[in-house]
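Engineer: Once you have looked at the hints, place chain S on chain C.
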Amino acid sequence: MIPVSYFFGLSIVLFVLGIIAFFIKRDLITMFMAIEVMLNAANLAFIALAKAAGSPAGQVIVFFIITVAAAEAAVGLAIILLVFRQKKSIKAEDMRLLKG
Amino acid sequence: MGIFLFSLLAILCVGGVLGLILSRNQAHSALFLVLAFASLGGLFGLLDAPFIAAVQIIIYAGAIMVLFIFVIMMINLEQGIAPERKRWTLGLSAVLAVFLLIELGLAVRGTLGALGRTGGESIGDPKELGRLLFTDYLYPFEITSVLIIAALVGAIVLVKKKEKE
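Protein chains in written order, with this note's numbering: chain C, 1 to 100; chain S, 101 to 265.
Hints listed in this document are in silico derivations from the structure and should not be mistaken for laboratory results.
Misleading hints may appear alongside valid ones.
To be verified - Facing chain C, a subset of chain S residues (Cβ under 10 Å, in silico):
#: 1; residue: 175
#: 2; residue: 192
#: 3; residue: 194
#: 4; residue: 208
#: 5; residue: 213
#: 6; residue: 245
Beta carbons are placed, not taken as given, at the ideal position from N, Cα and C, and that holds for glycine.
The shape of chain C in the complex, shown without the other chains (with noise of 0.2 Å):
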């Protein structure tokens, strides 16, 4: 069988690929998958943990976080949609009304 040891250098390698997606994108929304990329490797962790382990208890945390997700791209995408209705540019270097 599979080493489980596998799957959790699998979820290390997208966690990074996640980070550098989310580095060197500009537009808010491909930014915005690169968040799920990262979040999908963290579930892939919990869930190769939960066999290693032996409990079902990681698989309810993944539950959890799949929910948590679908409503974070919700309001997400609906900000993004906002604030591309005010400035017609997705584009993050627009994003800077806080910039001194």
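Structural biologist: Relative to the frame of chain C, chain S by itself:
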């Protein structure tokens, strides 16, 4: 057999995320992400979590990504996608990412060997998960429903167009 499936799904998953990074079109990025999430669902299945695998594919690859694609459709960018950041930022982020990868690897190195292997008795039985959700995790479950209602109402209120007076 198992290791073959794992490698296939892992390559699809990492390839999907790489496609997200390399593609300049947001719609293509979203579709690559659907591929990555679907193969991640397969990986969950390999880890004895069949119910989570189904939830992953239905909710993540289905519902959430459709939401993303709808928003991409509504934000119709006339000027096209802007070019990437400057070269040195790309290089710097690549170097920092490699450092982060090494750091995370070192942090979990001690535990990796002790994790054991897949197989053995099943833990992801939907019946057991449902029982846990409605007994030990009842309060988080109920709070999550309040959170969802709040998010739903918040999203609708945010996006609703102001009525003209």
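Engineer: For each hint given before, does the structure comply? Return the numbers of the non-compliant ones in rising order.
Structural biologist: Per hint list: zero violations.
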